[in-house]
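Number of protein chains: 2
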Amino acid sequence: MSLLRHDITTNDWVIFAPERARRPHDRESGRASSSPPSGCPFCPGNERLAGPEIYTLRGGTAANSPGWSIRVIPNKFPALRIEDDFRRVEEGPLFRFMGGCGAHEVIIETPQHDRILAQQTPLEIEFVLRTLQLRFNDLLRDLRFQTIVIFKNHGESAGTSLRHPHWQLIATPVVPRTLRIKHAVAEDYFDATGQCLYCVLLHEELAARKRLVAENDHFAAVMPYASRVPFETWILPKAHQSSFGLVEPARFRPLAELLQAVLGKLWTGLDDPDFNLTINTAPRGDEGKEYFLWHIEIVPRLSRPAGFEMGSGMAINTVLPEDAALFLQSVESG
Amino acid sequence: MSLLRHDITTNDWVIFAPERARRPHDRESGRASSSPPSGCPFCPGNERLAGPEIYTLRGGTAANSPGWSIRVIPNKFPALRIEDDFRRVEEGPLFRFMGGCGAHEVIIETPQHDRILAQQTPLEIEFVLRTLQLRFNDLLRDLRFQTIVIFKNHGESAGTSLRHPHWQLIATPVVPRTLRIKHAVAEDYFDATGQCLYCVLLHEELAARKRLVAENDHFAAVMPYASRVPFETWILPKAHQSSFGLVEPARFRPLAELLQAVLGKLWTGLDDPDFNLTINTAPRGDEGKEYFLWHIEIVPRLSRPAGFEMGSGMAINTVLPEDAALFLQSVESG
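Residue numbers (my numbering), protein chains in the order written: chain U, 1 to 334; chain Y, 1001 to 1334.
Among the hints, erroneous ones may be present.
What the hints assert, rightly or not - Under the rule of at most 20 Å between Cα atoms (straight-line distance), these lysine to any residue pairs were calculated in the SDA-like manner:
1. LYS1238/Y with VAL1200/Y
2. LYS1238/Y with ALA1207/Y
3. LYS182/U with LYS1182/Y
4. LYS1076/Y with GLY1045/Y
5. LYS1182/Y with ARG180/U
6. LYS1210/Y with LEU3/U
7. LYS182/U with VAL1319/Y
8. LYS1210/Y with PRO93/U
9. LYS238/U with ARG180/U
10. LYS1182/Y with VAL185/U
11. LYS289/U with PRO254/U
12. LYS210/U with VAL1200/Y
13. LYS1289/Y with LYS1210/Y
14. LYS210/U with ASP1007/Y
15. LYS210/U with HIS1006/Y
16. LYS182/U with LYS289/U
17. LYS1210/Y with GLU1322/Y
18. LYS210/U with GLU1091/Y
19. LYS182/U with THR1178/Y
20. LYS210/U with PHE1097/Y
21. LYS1238/Y with ARG1228/Y
22. LYS289/U with ASP323/U
23. LYS1210/Y with SER1330/Y
24. LYS76/U with THR121/U
25. LYS182/U with ASN1011/Y
26. LYS76/U with PRO1305/Y
27. LYS210/U with PRO1018/Y
28. LYS76/U with VAL1319/Y
29. LYS1182/Y with GLU1248/Y
30. LYS238/U with LEU1094/Y
31. LYS1182/Y with GLU287/U
32. LYS1182/Y with LEU326/U
33. LYS1182/Y with ASP1286/Y
34. LYS1210/Y with LEU246/U
35. LYS1289/Y with VAL1200/Y
Hints in this document: simulated from the structure, not taken from any laboratory.
Model the full assembly from the supplied sequences, consistent with the hints where possible.
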């Protein structure tokens, strides 16, 4: 059972999930190996090990058996759980906790153990993104969930424990402070200017082109002016849209094409770097508002944050985004 | 030359220091090796490699030669530099940068290559802490510097590039947002209650004792209620004091004793874990105020933050501080 504790010095909440210490790590979580480990819980034939499915795309075979192309399951070592309590409990005047109420799902994006995202076809990626949206919208119907974080860890230094390609989705019963601040900054900008900050930023980047990595009719990939790490890349829609939950079905193909192109460039140019990928979206209830633009953030893990970053929250980046973008512009996407 | 860029989506500043990509990494930065590498720039005899000293404790030998016990030098691959400009420059309505004005010093805490902090005597540690305070107060005299971050990286996963024991000190020309928020939360608490939040927290921990790791007459080591990572430990003074710059000379011995005891317990109990250590202190100009208590934060690097942490800013911790404290209470300090 997990719980959340409130930090009175920062107003952050911290998730305590002791059971996650027991999750298995496969030895090939880093680089490709010649053959998948026989015990990989995400490989076809091992459905039993991973647990019963919440959702699948499959060609007529029975549930929880091979024959699927995408499989969604509850995380076996969840950070948060639907059954847990979500009421705040005071422990004296300084301390406050709540049950670990939430959801933690795993989206196994392919039956093929070594077929990493950058190597998948746009059609495959399109179906993964549609599945993520479907789960996102389904979980949003539970009014206890304040925020749904969609993310992917690729490689050992990005914190992945199993190599078999998968995404994750965590629904939290509180709004994380960092997101609250990000949304508040964007809302202030909207109140001051009447414009969406991210749309204005994208417009500027498309005009300047020096931090642009790739684009198509509907999406653009840019490296932010104040990138926190080398090769940080954002993918943003060219038309205003607050929530990932509202992306129209026809837009998933161009999104998948651009995501594949960007990951392919990173894969080729940086030799399969470890990275984290997150989908940023407007908070519950603000889906129709104008101040925020949903987007994907790709954060390669080429360096390690150290004491200065921990003590100050300030990043030290050794590569200017203009230099990183110039390099990636000329790299083939795999 | 480095520079800082403002992130309009978060109001953070990011330091860009391309030259730091060229800094050397010794191969033994992790575990102890049988003999120090001959080219270690922090070993006696190699003073030339590290550059001219800003300050030393030495027994009568010539400057920049062996015979010292503590040696302070400018970082050879600095994040920020005293000579750089500190004026903000606007690049259109969205982007803003400033020169990399600041300071970046290295405090070589011992001439002995493998004598890590946990193995040093309280007397040795006392002199290191006094040297840190001396450099802190000296740099504070430069009115361009808004914040001085004192930190130590131990081990490869904590981001250290050279094993030879050292601390670092970075003076920044802006107040980092994370620290601004932390100070604002403490100031709000003081305005509401008339008390220092951290003093109240410490009082509570000393009464409850379940998250207490060790203490002496003047300092206590506790694990915070909402620890972000397993075995996060804070050392706080028992009497109110806002700034590290104001610690009285007589207090450095008990501080060194407790720091040695805590690091010794971590070293023994967790088998020499990698960790970051930072000194948190009141912002410039608030040294005499009542709302903040300076303290040391020790953050072991036993796990890696992954996509969820990046996308939400929320930590997932697998060990409750009560369990971690109970374990360390019974461990000898080496």
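Exercise for review: Please work out if LYS289/U and ASP323/U have their alpha carbons no farther apart than 20 Å.
Suggested key: violated (35 Å)
Review point. Does the structure keep LYS1182/Y and ASP1286/Y at a Cα separation of 20 Å or less?
Key: holds (14 Å)
Review point. Does LYS182/U pair with THR1178/Y here, judged by a C-alpha cut-off of 20 Å?
Key: holds (13 Å)
Check your understanding: Between LYS182/U and LYS289/U, is the straight-line Cα distance small enough, at 20 Å or below?
Key -> Answer holds: LYS182/U to LYS289/U is near 15 Å, not above 20 Å.
Check your understanding: Do the alpha carbons of LYS1182/Y and ARG180/U lie within 20 Å of each other, as the hint requires?
Key -> holds (15 Å)
Review point. Regarding the pair LYS1238/Y and VAL1200/Y, is the alpha-carbon distance no greater than 20 Å?
Key: holds (10 Å)
Check your understanding: Regarding the pair LYS1182/Y and GLU287/U, is the alpha-carbon distance no greater than 20 Å?
Key -> The given pair, whose Cα atoms are some 30 Å apart, is violated under the 20 Å limit.
Practice item. Take a quick look at whether LYS1289/Y and VAL1200/Y sit within 20 Å of each other, Cα to Cα. Key: holds (16 Å)
Review point. Is the Cα-Cα distance between LYS182/U and VAL1319/Y 20 Å or less?
Key: Given that 20 Å is the threshold and the Cα spacing comes to 29 Å, the pair is violated.
Point to revise | Distance restraint between LYS1182/Y and VAL185/U, which requires alpha-carbon spacing of 20 Å or less | key: Holds. LYS1182/Y to VAL185/U sits at ~18 Å (cutoff 20 Å).
Review point. Given the hint that LYS1182/Y pairs with GLU1248/Y, does the C-alpha gap stay at or below 20 Å?
Key: violated (25 Å)
Check your understanding: Is the Cα-Cα distance between LYS210/U and HIS1006/Y 20 Å or less?
Key -> It holds: about 18 Å lies between the C-alpha atoms, which stays within 20 Å.
The structure fails hints 7, 9, 11, 12, 13, 21, 22, 24, 29, 31, 32 and 34 (numbered hints given earlier, in ascending order).
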